[in-house]
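K.L.:
Could you put the whole structure together from the sequences, leaning on the hints where they help?
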Amino acid sequence: MKDNTIICRCSDLTQGDIRELIAKGYRTFDELKRISRIGMGPCQGRTCMQLVLRELSIATGKPISELAPGTFRPPVKSIKLGEILEAIEEGGEEAHG
Amino acid sequence: MKPVEILVVGGGPAGLCAAIQAAEMGSKVLVVDRNRALGGQLIKQTHMFFGSEKQYASTRGFDIAQILLDKIDQMENIEVMTNTTVLGLFEDGVATLEKDGKYIKVKPKAIVVGTGASEKTLAFPNNDLPGIYGAGAVQTLMNEYGIKPGNKVLMIGAGNIGLIVSYQLMQAGVQVEAIVEASPTIGGYLVHASKIRRMGVPIYTKYSIKEAIGTEAVEKAVIWQLDDKWQGISGTEKELEVDIICISVGLSPLSELLWQAGCEMKYLPELSGYVPARDENLQTSVKGIFVAGDVSGVEEASSAMVEGYLAGMSAAAYLGYSLYNTKELREDLLQQLNSLRHGPVGERINKGIASILIQSEAAASTEA
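So the protein lines, in turn, are chains A and B. Its first residue numbered 44, the first sequence is counted upward by one per residue in the working numbering. Its first residue numbered 18, the second sequence is counted upward by one per residue in the working numbering.
Simulated from the structure, these hints should not be mistaken for lab results. All C-beta atoms in this analysis are idealised placements derived from N, C-alpha and C, irrespective of residue type, glycine included. Accuracy of the hints is not assured; some may be wrong.
What the hints assert, rightly or not - Below, a list of computed lysine to any residue pairs in the SDA-like style, where the Cα atoms sit at most 25 Å apart: (1) B:K227 - A:G104; (2) B:K137 - B:E194; (3) B:K169 - B:K227; (4) B:K122 - A:I101; (5) B:K283 - A:I101.
Said to hold, decoys possible - Some, not all, of what chain A presents toward chain B, calculated at C-beta under 10 Å: (6) I65; (7) Y69; (8) R70; (9) T71; (10) D73; (11) M83; (12) R97; (13) P118; (14) A130.
Said to hold, decoys possible - According to the in silico footprint, chain B covers these stretches of chain A (three or more CB under 8 Å from chain B): (15) 50 to 58; (16) 120 to 128.
P.N.:
Take a look at the structure:
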């Protein structure tokens, strides 16, 4: 398989990029995420994660069931900070703690 | 903060049935769906369903959606918010929503998560060329918007979705050049496969895609045979002239909200990915959070509906609502699930569920 196969469309990372990072010692999804931003785009890992876990599984010899899928945090899709601000101004709850 | 009794996340087959059941027991329900209309995948299903009468067998998917939506329309205690995405479930029980650029916080007393599943994808050279779709996108284009996606297609995956969408493509006047399946056997029902074979479409088992070829868009697909280690065998390549490559290699549970909420999760190949531990009433390890449908393990819409009724019942019972015949209804739903999960596929699913089943006193709560 050619190395320029796209794994992460959001951040434009190829199979070659991911394999290189794994070879450098990044051995979990979270580590790869922090160094490359994979899983941090609009798809939030919904497209790329299982492809990355498969690469990690091949490289480490561990089955996918033993690999950590990384941390999931809100929000699940991108929103404008202004929207949150507006909600605070209207509701005022956060402002009072 | 908006007061909400039961929040149902996702208005597909599972969520709709959960809402109906919970509302029938007297609770107030808010159904939230990120799409512009409710119905989930049902509204794209032009084929008739299997299962039994109770799961609307012999009725087409979009008609089932209409039956459920009509019921919801008549129920005053169900509020519906479409075009609304649940952004997060927090450990203190707060859920954040976004609708039309507005950020909304709610604190439901119980939550049913019926977010469904997302499509798996494949890594192969040029997989980012225009003309490469997931089977879901092809169904959305054809069956929801009436747009023919192209003229000649290679279908990857011979599970039920791959087979059914191949047939739908043919109905839309698209030529299906071939279906490839990496496994040695066809995953979907043979009744679907035979129908397609009779129409002259070859199904290649132990085959996969090697690469897509094209400059601006897909022009060709190269397929090849796989060895016993799932590796392509040089010299077995076949070139197909296609302008669409449709990927239908399975679904994975869309469980991100459950992770956020702190539910205990486990990777189970039998259920197609990371799924929540749950008790017999579909309550997760976090009290007050219930699951139904593909998010708790990928199955079919029929079982998603039954799970929906059960989760809706459990959520309402959790808040103290009941009907005179709750116990009988519950027994009937469990029985329906049992009969849907028969055969080798059902056995696999039951095995998966058994390995994450929470044995808890809560399982007896609706019986009381």
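K.L.:
Looking back at the numbered hints, which does the structure fail to meet, lowest number first?
P.N.:
As far as the earlier hints go, 4, 6, 7, 8, 9, 10 and 11 are violated by this structure, in ascending order.
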